[in-house]
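Protein chains: 2
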Amino acid sequence: MSGQADANSDRAIPQPVLNRIPTYLRAAEDLLADGTETISSSRLAKILGLTDGQVRADLVYFGAFGRPGVGYRVAHLVEELRRVVGIDKPWPVALVGYGSIGRALVAHEGLRRRSFDIVVVLDADPAKVGRKAGRCTVQPVSELEQELTRREIRLAILAVPSGAAQDLAEQVAAAGVVGIMNFASVRLRLPEEVIVMNVDLTLLLERLSLRLKVAGH
Amino acid sequence: MSGQADANSDRAIPQPVLNRIPTYLRAAEDLLADGTETISSSRLAKILGLTDGQVRADLVYFGAFGRPGVGYRVAHLVEELRRVVGIDKPWPVALVGYGSIGRALVAHEGLRRRSFDIVVVLDADPAKVGRKAGRCTVQPVSELEQELTRREIRLAILAVPSGAAQDLAEQVAAAGVVGIMNFASVRLRLPEEVIVMNVDLTLLLERLSLRLKVAGH
DNA sequence: CGATGTGAATCGTTTCACAGCC
DNA sequence: GGCTGTGAAACGATTCACATCG
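Line by line, the protein sequences give chains X and U.
Mapping of the first sequence onto the working numbering: position 191 corresponds to residue 191, and the numbering continues sequentially without gaps.
Every position in the second sequence, counted from 1, becomes a number in the working numbering once 1000 is added.
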């Protein structure tokens, strides 16, 4: 059995596998809520539109959670995967930019429920500073470094205009952030150790449009 | 696995290629704005973090836009790729759900600038019906089929609570929609011809969290 | 007997090297 | 000479088949 979090690593884990792991967790949590006790790789695969072999191969990257002849105990699977994904403990998150996307994120009750807790909200607009933003009060970006280092924040959400994104990304990275979810339509240039997840809505719509065209619609 | 009629096109285009095409378009548009006239595959590759051979191979799937010894004419590349992606003409889009995410999308001026024009906004909450939503007025979901068929809408954005998503997805699909951008945290079960692009923010944050853990952070 | 974990074979994507054109 | 388009080689991921275990 996997002992501790020997984070890295027996060998490199393919990116597609990493992308699927949270979907396994999601499915397992749904099953747990339904009262299902055990789940086989084939049933889990059917839920997610995969093959049973793929499910087993993916899970084995993070340790052998299953029992031959039985399957995976759902409660155990949820617990292990939450640990693997890193949401067994809450992440304190900084939200930079309190525009319409920022407000949607603060209002999104699913985030805290899934261990992402927005504890700092910052904005460059003096008119927004001082407003209530969920449990936070909007603070000026001038306090970015101080707040992020003080609270030891390593995860930030950037929901700012494209023109401001690169500068602010550098600031949060300099303040110790190692993961950024970026809603701006720009490729951020940052030190390699900082991991960026881009959520470019127009780009995603363009991918959808292209897929429709290719499908003949 | 799905036995689909490959009635159209020379051969199937890999999904990774389809995902990259809009990023080529984005880069080309930036270059056009900078006044750059021609671009080589190697320079374009450097901008996007790819290899030159990959850029050439990807673009050739959609026709040979480049000229040996010269490169790609930026203006031509933009024009061709906009046509390929399907944003040479505006898409009329229906927005279902005028909560905080819906409001953020209506406020997002980048969407219309990139040919995605929200022309109908619907919500189930009577308190929201009648409100101004950008250029639209929020309409009740009871008018969904009528509005979507009347305007011949084929692209919809679903920004509704998870519990309502499946039902509304079926409704928009029945009204002729073939592409859905889904912000709810559920896998929609729809006829195969309907293409769904999921934008599950908590799932994306979990992927980011996992990547951070694997990277040792 | 049923279902996992695992190496081997298959499939698809990326990379490479070069012929051909500007 | 520089750069594209293109087949062939290399690489990585998925699928398969089976030994193993409860």
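Please keep in mind that the hints were generated in silico from the structure rather than gathered at the bench.
Model, not experiment: these values are computed from the prediction.
We put the CB at the ideal spot given by N, CA and C, even for glycine.
Worth double-checking, as some hints may not be accurate.
Unchecked claim - With a cut-off of at most 27 Å between alpha-carbon atoms, the simulated DSSO-like pairs for lysine-lysine come out as follows:
| hint | chain 1 | residue 1 | chain 2 | residue 2 |
| --- | --- | --- | --- | --- |
| 1 | X | K132 | U | K1213 |
| 2 | X | K128 | U | K1132 |
| 3 | X | K132 | U | K1089 |
| 4 | U | K1046 | X | K89 |
| 5 | U | K1128 | X | K128 |
| 6 | U | K1132 | U | K1089 |
| 7 | X | K132 | X | K89 |
| 8 | U | K1128 | X | K213 |
To be verified - Estimated spans, in silico, between C-beta atoms of each pair:
| hint | chain 1 | residue 1 | chain 2 | residue 2 | range |
| --- | --- | --- | --- | --- | --- |
| 9 | X | A75 | U | T1051 | 19 to 29 Å |
| 10 | U | V1017 | X | S185 | 44 to 54 Å |
| 11 | X | R113 | U | G1110 | 26 to 36 Å |
| 12 | X | D52 | U | A1215 | 50 to 60 Å |
| 13 | U | P1191 | X | P68 | 33 to 43 Å |
| 14 | U | Q1146 | X | P16 | 17 to 27 Å |
| 15 | U | P1092 | X | E152 | 26 to 36 Å |
| 16 | U | G1053 | X | G53 | 28 to 38 Å |
| 17 | X | A64 | U | K1046 | 54 to 64 Å |
| 18 | X | A64 | U | R1131 | 47 to 57 Å |
| 19 | U | D1167 | X | R113 | 40 to 50 Å |
Verification of the hints:
1. K132/X x K1213/U: Given that 27 Å is the threshold and the Cα spacing comes to 32 Å, the pair is violated.
2. K128/X x K1132/U: Answer holds: K128/X to K1132/U is near 23 Å, not above 27 Å.
3. K132/X x K1089/U: At roughly 41 Å apart (the allowed maximum being 27 Å), K1089/U and K132/X break the hint.
4. K1046/U x K89/X: Judged against 27 Å, a Cα distance of about 38 Å means the pair is violated.
5. K1128/U x K128/X: Roughly 25 Å between the alpha carbons, so the hint for K1128/U and K128/X holds.
6. K1132/U x K1089/U: Cα-Cα ~26 Å, so holds.
7. K132/X x K89/X: Cα-Cα ~26 Å, so holds.
8. K1128/U x K213/X: Distance ~34 Å between K1128/U and K213/X Cα, so the pair is violated.
9. A75/X x T1051/U: 19 to 29 Å: 45 Å, violated
10. V1017/U x S185/X: 44 to 54 Å: 21 Å, violated
11. R113/X x G1110/U: 26 to 36 Å: 29 Å, holds
12. D52/X x A1215/U: 50 to 60 Å: 29 Å, violated
13. P1191/U x P68/X: 33 to 43 Å: 38 Å, holds
14. Q1146/U x P16/X: 17 to 27 Å: 42 Å, violated
15. P1092/U x E152/X: 26 to 36 Å: 47 Å, violated
16. G1053/U x G53/X: 28 to 38 Å: Cβ of G1053/U to Cβ of G53/X: about 32 Å, so the range 28 to 38 Å holds.
17. A64/X x K1046/U: 54 to 64 Å: 43 Å, violated
18. A64/X x R1131/U: 47 to 57 Å: 54 Å, holds
19. D1167/U x R113/X: 40 to 50 Å: Check failed, 22 Å falls outside 40 to 50 Å.
Checked against the numbered hints given earlier, the structure breaks hints 1, 3, 4, 8, 9, 10, 12, 14, 15, 17 and 19 and satisfies all the rest.
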